[in-house]
Amino acid sequence: MPDSAGRVRIGILGASGFAPTTMLNPARDNRDVVVAAVASRDQPGADEFAAKYGILTAYGSYEALIEDPDLDAVYILVPTSLHGKWTKVALAAGKHVLVEKPFTANAGEAREIADLDAQTDRVVMHAIQFRHHPLTQRVEEIIASGEIGTLRRVEVNLCVLLPTFKANCYNYAMAGGAMMDAGSYVTNMARTFGGSTPDVVSAQAKLQKPKVDRAMTAELQYAAGHTGRLRCALWSGRGFWASAKIVGDDGVLRWLSPAAPNVFPRLWVRSANGKRTERFSSRTTYSYQLQAFADSVLRGAPVRTSSLDAVENMGVIDAVYRAAGLPIREPS
1 MPDSAGRVRI GILGASGFAP TTMLNPARDN RDVVVAAVAS RDQPGADEFA
51 AKYGILTAYG SYEALIEDPD LDAVYILVPT SLHGKWTKVA LAAGKHVLVE
101 KPFTANAGEA REIADLDAQT DRVVMHAIQF RHHPLTQRVE EIIASGEIGT
151 LRRVEVNLCV LLPTFKANCY NYAMAGGAMM DAGSYVTNMA RTFGGSTPDV
201 VSAQAKLQKP KVDRAMTAEL QYAAGHTGRL RCALWSGRGF WASAKIVGDD
251 GVLRWLSPAA PNVFPRLWVR SANGKRTERF SSRTTYSYQL QAFADSVLRG
301 APVRTSSLDA VENMGVIDAV YRAAGLPIRE PS
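Residue numbers for the sequence shown follow UniProt numbering, beginning at 1 and rising by one.
Careful, some of the hints might be misleading.
Beta-carbon label-pair distances, calculated as ranges [to be verified]: (1) Arg270 / Lys209: 40 to 48 Å; (2) Gly54 / Gly149: 47 to 55 Å; (3) Glu67 / Arg279: 41 to 49 Å.
List time: in silico DMTMM-like cross-link candidates among lysine to aspartate or glutamate, alpha-carbon distance up to 20 Å [to be verified]: (4) Lys245 / Asp199; (5) Lys52 / Asp42; (6) Lys52 / Asp29.
I should point out that these hints are in silico values taken from the structure, not numbers from a laboratory. Glycine is no exception: its CB is placed at the ideal position from the N, C-alpha and C atoms.
Start from the sequences and build out the full structure, keeping to the hints where you can.
This is the structure:
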């Protein structure tokens, strides 16, 4: 049950440097949640993190946090290859779960969690935060309205610059790779804006080391007849690049920073109605995501990025790896 103030009490599983951006800062401005605990792999690390960010309780093991009866929910922020394991443990303990992207190491593991999710009344949300921003939802609305006509082409790009090659995102044993990281976002974009889960026609990877992609490009085919392309990278000669373009037979939608639309919250629309620019909130996507999670836990709101949606996402990611001649990732 929530605390006496009606807030969802969340524990962070993994004392990650990403936590301030993805959870701690959004939580400070949210009356529906409180970050009540953090767990690291050792007690000193947990204590240091808790002291730095003003978190009341610190645990030196993941198990101890999940077993805390005063926590309602767990935010999974451990290495990717461990997402599935600890999501299962959290569900078994009766916790709601917000799972950082990618949801799991592969589609098979995602399906196991979706099956468990179906047997509980707990909220399981995949942390694909851009889905909760008003710009994203407006794009979905315009496509559904028919303003740009029948879809012809979906192109999404997210190339970032992460030169720390010893990081987990470049480690195959930790389920690393560009397609698992930035690719989780562009895959969800391709599915969301394309209207369905596409088939992977072809894929080309650029490797940072054997089995680990630093960049990936894939061509997509949708059942309705339109096509798509996704590009993602952790390190690319193009530098940073983030954009989306949706082409219909009556118009085009374009915008920048689709994984973080709050950074450049403008949507350019060209249709039979003319050209226009629509502007949106600069409130962070993580803030919208946290509110959506709280609304699902406290008020039963539908989960936009559900475990079943995550199964579809991981299925495309696995298919891209296979098309590129690379192995799918495995849990550790």
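Verification of the supplied hints:
1. Arg270 / Lys209: 40 to 48 Å: The hint (40 to 48 Å, Cβ to Cβ) holds, given that Arg270 and Lys209 are roughly 42 Å apart.
2. Gly54 / Gly149: 47 to 55 Å: holds, 52 Å
3. Glu67 / Arg279: 41 to 49 Å: Check passed, 46 Å falls within 41 to 49 Å.
4. Lys245 / Asp199: holds, 19 Å
5. Lys52 / Asp42: holds, 16 Å
6. Lys52 / Asp29: holds, 18 Å
The earlier numbered hints are all upheld by this structure, with none contradicted.
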